[in-house]
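Trainee: Working from the sequences, and respecting the hints, build out all of it.
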Amino acid sequence: DTAVSQTPKYLVTQMGNDKSIKCEQNLGHDTMYWYKQDSKKFLKIMFSYNNKELIINETVPNRFSPKSPDKAHLNLHINSLELGDSAVYFCASSQSRGGTEAFFGQGTRLTVV
Amino acid sequence: GQSLEQPSEVTAVEGAIVQINCTYQTSGFYGLSWYQQHDGGAPTFLSYNGLDGLEETGRFSSFLSRSDSYGYLLLQELQMKDSASYFCAVGTNAGKSTFGDGTTLTVKP
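Going down the list, the protein sequences come from chains H and Y.
If you count by the working numbering, then the first sequence holds residues 1 to 113, one letter each, in order.
If you count by the working numbering, then the second sequence holds residues 1001 to 1109, one letter each, in order.
None of these hints come from the bench; they were simulated from the model.
We treat Cβ as the ideally placed atom computed from N, Cα and C, and that holds for glycine.
Certain hints may be false.
[As the list claims (entries may be wrong)] Computed cross-link-like contacts, DSSO-like style, restricted to lysine-lysine with a CA-CA straight-line distance of at most 30 Å:
1. H:Lys44 to H:Lys67
2. H:Lys22 to H:Lys52
3. H:Lys40 to Y:Lys1081
4. Y:Lys1108 to H:Lys40
5. H:Lys9 to Y:Lys1081
6. H:Lys41 to Y:Lys1081
7. H:Lys41 to Y:Lys1108
8. H:Lys67 to H:Lys9
9. H:Lys44 to H:Lys9
10. Y:Lys1081 to H:Lys44
11. H:Lys41 to H:Lys22
12. H:Lys41 to H:Lys67
[What the hints assert, rightly or not] Label pairs and their computed distance ranges (CB to CB):
13. Y:Thr1023 to H:Thr13: 37 to 45 Å
14. H:Ser20 to Y:His1038: 24 to 32 Å
15. H:Lys52 to Y:Thr1104: 32 to 40 Å
16. Y:Thr1023 to H:Val60: 24 to 32 Å
17. H:Asn62 to Y:Glu1014: 44 to 52 Å
18. H:Leu54 to Y:Glu1077: 37 to 45 Å
19. H:Asp38 to Y:Thr1023: 21 to 29 Å
20. Y:Thr1044 to H:Gly28: 16 to 24 Å
21. Y:Leu1051 to H:Arg63: 36 to 44 Å
22. Y:Gly1015 to H:Val60: 37 to 45 Å
23. Y:His1038 to H:Thr13: 24 to 32 Å
24. Y:Gln1025 to H:Thr13: 33 to 41 Å
Mentor: See below:
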């Protein structure tokens, strides 16, 4: 019955690899997000989708590509992983576009070695 | 762009009341939210203010003054389990949500 679920929870990979993180929400929300939390715990928005349409794309390298097959799913694909990509990535969803009352997934701890 | 300021650390004792302030600068302000995050966990939603005034949810209350671009989170009857990081977040009409850098609250016996 998890509201926002993302997989995997942990991901360890080598530099240069390509990896994907999946996210699904069963709350019926229209808006989904990807956030990156670095080692200092700063939470930065990366992308925001509303009804499968990209509405926010922060200054994120082109190696990061979100895909939303339907409004309940927002996946994140990362190409050519770099050491600096190591962080915790959170998926979230909310009913409104303003990002209010967002529900977060458990996070994916990505470690690039 | 958006910017938020909140204290980096706050310490209080069990049973006390603590207030975490948040000032922000943004265009297209939509609302101010507060989140709690325990170490190793995900942020969890605590409270939201879209209009001026006080919102109360149990031991937690949140206040907003749009004219002052200021809000705060008030935690009453502090418990040890309240030790966590607290984030304020500004949402905009364009759909962007920007988080502050977080306040680490330590509750001591």
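Trainee: Indicate, hint by hint, whether the structure satisfies it.
Mentor: These are the hints, each one checked on the structure:
Under the criterion of a C-alpha separation no larger than 30 Å, the hint pairing lysine 44 (chain H) with lysine 67 (chain H) is consistent with the structure, at around 19 Å. The hinted pair formed by lysine 22 (chain H) and lysine 52 (chain H) meets the criterion: a straight-line CA distance of about 15 Å does not exceed 30 Å. For the given pair, lysine 40 (chain H) sits about 22 Å from lysine 1081 (chain Y) by alpha-carbon distance, which is consistent with the 30 Å threshold. Of the pairs offered as hints, the one joining lysine 1108 (chain Y) and lysine 40 (chain H) holds, with about 23 Å between alpha carbons and a cut-off of 30 Å not exceeded.
About 24 Å separates the Cα atoms of lysine 9 (chain H) and lysine 1081 (chain Y), which keeps this hinted pair within 30 Å; it holds. Proposed proximity of lysine 41 (chain H) and lysine 1081 (chain Y) is supported: the alpha carbons are some 19 Å apart, at most 30 Å. The suggested pairing of lysine 41 (chain H) with lysine 1108 (chain Y) holds, with an alpha-carbon distance near 22 Å, which does not exceed 30 Å. For the hint linking lysine 67 (chain H) to lysine 9 (chain H), the alpha-carbon distance of about 19 Å falls within 30 Å, and the restraint holds.
Of the supplied pair hints, the one linking lysine 44 (chain H) and lysine 9 (chain H) holds, its CA atoms being roughly 19 Å apart against a limit of 30 Å. Annotation: proposed proximity of lysine 1081 (chain Y) to lysine 44 (chain H) holds, straight-line Cα distance about 26 Å (limit 30 Å). Proposed proximity of lysine 41 (chain H) and lysine 22 (chain H) is supported: the alpha carbons are some 22 Å apart, at most 30 Å. Note on lysine 41 (chain H) and lysine 67 (chain H): the hinted pairing holds, with a Cα-Cα distance of about 25 Å set against a maximum of 30 Å.
In this structure the supplied range 37 to 45 Å holds for threonine 1023 (chain Y) paired with threonine 13 (chain H), their Cβ-Cβ distance being about 40 Å. With their beta carbons about 27 Å apart, serine 20 (chain H) and histidine 1038 (chain Y) fall inside the hinted range of 24 to 32 Å. With their beta carbons about 37 Å apart, lysine 52 (chain H) and threonine 1104 (chain Y) fall inside the hinted range of 32 to 40 Å. Against the hinted window of 24 to 32 Å, the Cβ-Cβ separation of threonine 1023 (chain Y) and valine 60 (chain H) comes to about 27 Å, which satisfies the hint.
Against the hinted window of 44 to 52 Å, the Cβ-Cβ separation of asparagine 62 (chain H) and glutamate 1014 (chain Y) comes to about 49 Å, which satisfies the hint. At roughly 43 Å, the beta carbons of leucine 54 (chain H) and glutamate 1077 (chain Y) sit within the given window of 37 to 45 Å. Between aspartate 38 (chain H) and threonine 1023 (chain Y) the beta carbon distance is about 23 Å. The supplied range of 21 to 29 Å therefore holds. In this structure the supplied range 16 to 24 Å holds for threonine 1044 (chain Y) paired with glycine 28 (chain H), their Cβ-Cβ distance being about 19 Å.
The supplied range of 36 to 44 Å is met by leucine 1051 (chain Y) and arginine 63 (chain H), whose beta-carbon atoms lie about 41 Å from each other. Between glycine 1015 (chain Y) and valine 60 (chain H) the beta carbons are some 44 Å apart, a value that agrees with the proposed interval 37 to 45 Å. In this structure the hint that histidine 1038 (chain Y) and threonine 13 (chain H) lie 24 to 32 Å apart at CB holds, the actual value being about 27 Å. For glutamine 1025 (chain Y) and threonine 13 (chain H), the Cβ-Cβ distance of about 38 Å falls inside the hinted range of 33 to 41 Å, so the restraint holds.
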